[in-house]
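Peer 1: Let the hints inform the model, and build the full structure from the sequences given.
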Amino acid sequence: MNFRNILSEIEKTDPEVYERLSDRRHILKGFGAKVAVAALPLAIGSLFKKAYGKSTDAVTAALNFALELEYFEFNFFHIANNVTGLGLIPTVDQPGFQMIETQEKAHVNFLIATITALGGTPFTPNHYAAANSVPPYVPAAYDFTGAASTAYYPVFANVFNDYPTFLIAAQTFEDTVVRAYNGQMTNLLGNSLFTQVQQLLATEGRHAAYIRLIRRNMGATEIPAPWINNNIPPTSPVPGSINVLQPFYIGEDNATQLNVTITSLPDGTGTVPEWSATAAFDEPLSQAAITGIGGLLTPFILS
Amino acid sequence: MDKVNDPSRRRFFQITGGIAGAGILFSACHGTTGPTNSYLGSGDTALLNYLYVLEQLEADFYTKAVAAQYYNMSNLEYLALCDVRDQEIAHKEFIQALLGKNAIAAVTTNFSNVNFSDRTSVLTNAAMLEDLVIAGFNGAAGLFSSASLNLVQVFSKLVSVEGRHSAYFRDALTHNTFTDSTVVDSNGLNISSTPLSVLASVQQFLVTQFDSSNLPN
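Protein chains in written order, with the working numbering: chain A, 1 to 303; chain B, 1 to 217.
The set of hints was computed from the structure by calculation and includes no laboratory data. Keep in mind that a hint or two might mislead.
Stated by the list, open to error - Just a few of them, taken from the derived set where beta-carbon distance is under 10 Å, the chain B residues facing chain A:
hint: 1; residue: Glu-88
hint: 2; residue: Lys-92
hint: 3; residue: His-165
hint: 4; residue: Val-184
hint: 5; residue: Ile-191
As the list claims (entries may be wrong) - Calculated Cβ distances over 10 Å to all of chain B for the following chain A residues:
hint: 6; residue: Ile-79
hint: 7; residue: Leu-200
hint: 8; residue: Gly-240
As the list claims (entries may be wrong) - Stretches of chain A that chain B covers, calculated by requiring three or more beta carbons in the stretch to come under 8 Å of a beta carbon on chain B:
hint: 9; stretch: 170-182
hint: 10; stretch: 225-238
hint: 11; stretch: 261-272
For every residue, glycine included, the Cβ atom is placed at its ideal position computed from N, Cα and C.
Peer 2: Laid out in structure tokens, this is it:
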């Protein structure tokens with residue numbers, strides 16, 4: 001994506017972007033022709049800071065957290081699709097997981113371009129410069145078997161050589177990313193980028209549903225729906241796995257939105273059942289809960 | 001740029017709304033708006049009523065689909081359809097609660113083009129409706145005033161669920177189409193559409209016509 005595309009994308013959700021930048025319109029015209037390529041990110045950054053003011057830092061932080069999660073997802077699916085070579089994913093499902101990988105990569109690139117345009121420094125995973133890195137593929141940054149955690153490892157040890165285990169991890173990761181985005185929307189409220197991040201969130205919802213549907217049709221014990229009923233985690237045959245998987249779904253059973261009790265609303269024959277009142281909305285998770293100390297995904301991320 | 005904020009246009013509609021039976025003025029509207037149309041309101045109220053229309057449409061579609069039970073429906077498919085119906089009812093009632101007395105009357109739907117006894121027809125139309133609703137919520141998010149940002153935020157929690165619905169119906173119809181390039185662009189962003197464009201697309205399922213003259217777009 002080049003600079004003009006970024007502006008055009010922002011214009012879709014913020015028609016006033018050119019007005020915000022009006023004093024600097026002549027500068028925009030100069031871009032691409034007169035400004036040295038190396039100076040471009042810096043110049044664009046200062047431009048947007050002036051246009052959007054002090055909220056830029058919070059916006060950049062939210063986008064960088066999203067970027068961190070997109071790297072995480074891309075690497076997970078890239079390994080599953082390309083690296084193991086063990087026939088992990090059945091032929092019939094391979095096109096779907098390749099599409100997910102492609103879109104996670106697109107998200108990485110979109111967020112890098114957007115953060116750069118805002119004048120921020122895009123997040124890079126640990127070990128970004130490792131010898132085996134081919135960004136956005138940074139395999140040294142992750143251990144998806146969860147070996148860093150004695151609790152996680154029994155559940156995820158076979159993540160890349162057992163399809164049901166892979167699906168449990170994939171579902172948990174996608175649901176968590178949906179929740180992460182929902183947790184960050186508050187930092188984007190009133191910002192022109194809100195819509196685009198919501199568009200990205202909707203795509204993540206699609207990914208999560210696909211994995212859940214595969215598990216549903218494979219006869220997973222808890223009979224998962226494509227959406228999250230109550231706070232039901234995926235079931236794994238590993239003893240004690242509930243203790244590892246349940247925390248990813250804490251708070252998903254919320255049935256009150258903006259002080260409206262969804263379970264009190266009429267549904268034609270009675271009131272909306274809790275089963276569906278909770279599924280009708282995805283629920284946020286904080287950054288600290290996901291990648292902080294003791295965070296849900298932290299054991300998969302190598303320091 | 002924003003037709004709604006064009007004062008001359010707004011005045012025009014105030015005048016036409018105020019003079020019932022003024023044939024010349026109504027002919028200028030080409031019959032697309034008139035006194036019998038459901039007026040969505042203006043500003044945030046209009047946007048909410050617009051989203052309320054979309055959720056009413058979905059809720060009624062799934063209510064009919066569950067009642068009809070298309071031929072060869074598996075038990076898992078029946079349960080999923082009941083789930084989606086209940087979730088869309090929850091969305092509809094939630095938005096109605098937010099609107100309070102500003103809510104428009106219940107819309108009258110027209111699903112005569114849907115064969116509710118045919119699996120392909122139901123899944124195809126369900127996916128199309130879901131995709132329109134997602135695009136509609138995306139396109140509306142940036143149009144609300146700063147006073148309604150709390151609504152915008154909670155709607156994002158609903159949009160990812162609509163994404164789940166669409167992925168389900170698309171994939172049940174044709175495996176691996178849950179996030180294809182017809183609904184997700186090359187940046188990985190689910191498509192977004194303006195209110196007027198979505199309203200025009202869903203009109204085929206509605207008897208009720210709308211006066212969307214003050215709907216932000």
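Peer 1: For each hint, tell me whether it holds in the structure or not.
Peer 2: Checked hints:
Because the closest C-beta pair between Glu-88 (chain B) and chain A is about 8 Å apart, less than 10 Å, the hint holds. About 9 Å separates the beta-carbon of Lys-92 (chain B) from the nearest beta-carbon of chain A, less than 10 Å, and the hint is met. At about 7 Å, the closest approach between the beta carbon of His-165 (chain B) and any beta carbon in chain A falls short of 10 Å, and the interface hint on this residue holds. Annotation: Val-184 (chain B) was flagged as interfacial toward chain A, and the flag holds, the nearest CB pair being 5 Å apart, inside 10 Å.
For Ile-191 (chain B), the shortest C-beta to C-beta distance to chain A is roughly 7 Å, which falls under 10 Å, so the interface hint holds. With a closest Cβ-Cβ approach of about 19 Å to chain B, Ile-79 (chain A) is found to remain outside the 10 Å limit, as its non-interface label requires. The beta carbon of Leu-200 (chain A) sits about 6 Å from the closest Cβ of chain B, which is not more than 10 Å, so the claim that it is off the interface is violated. Taking the minimum C-beta to C-beta distance to chain B, about 29 Å, the non-interface status of Gly-240 (chain A) holds against the 10 Å cut.
Chain B is given as covering the stretch 170-182 of chain A, and this holds because 3 residues of the stretch bring a CB closer than 8 Å to a CB of that chain, at least three being needed. Only residues whose beta carbon comes within less than 8 Å of a beta carbon in chain B count, and the stretch 225-238 of chain A has 4; three or more means the coverage holds. By the rule of at least three residues with a Cβ nearer than 8 Å to a Cβ of chain B, the coverage given for the stretch 261-272 of chain A holds, with 6 such residues.
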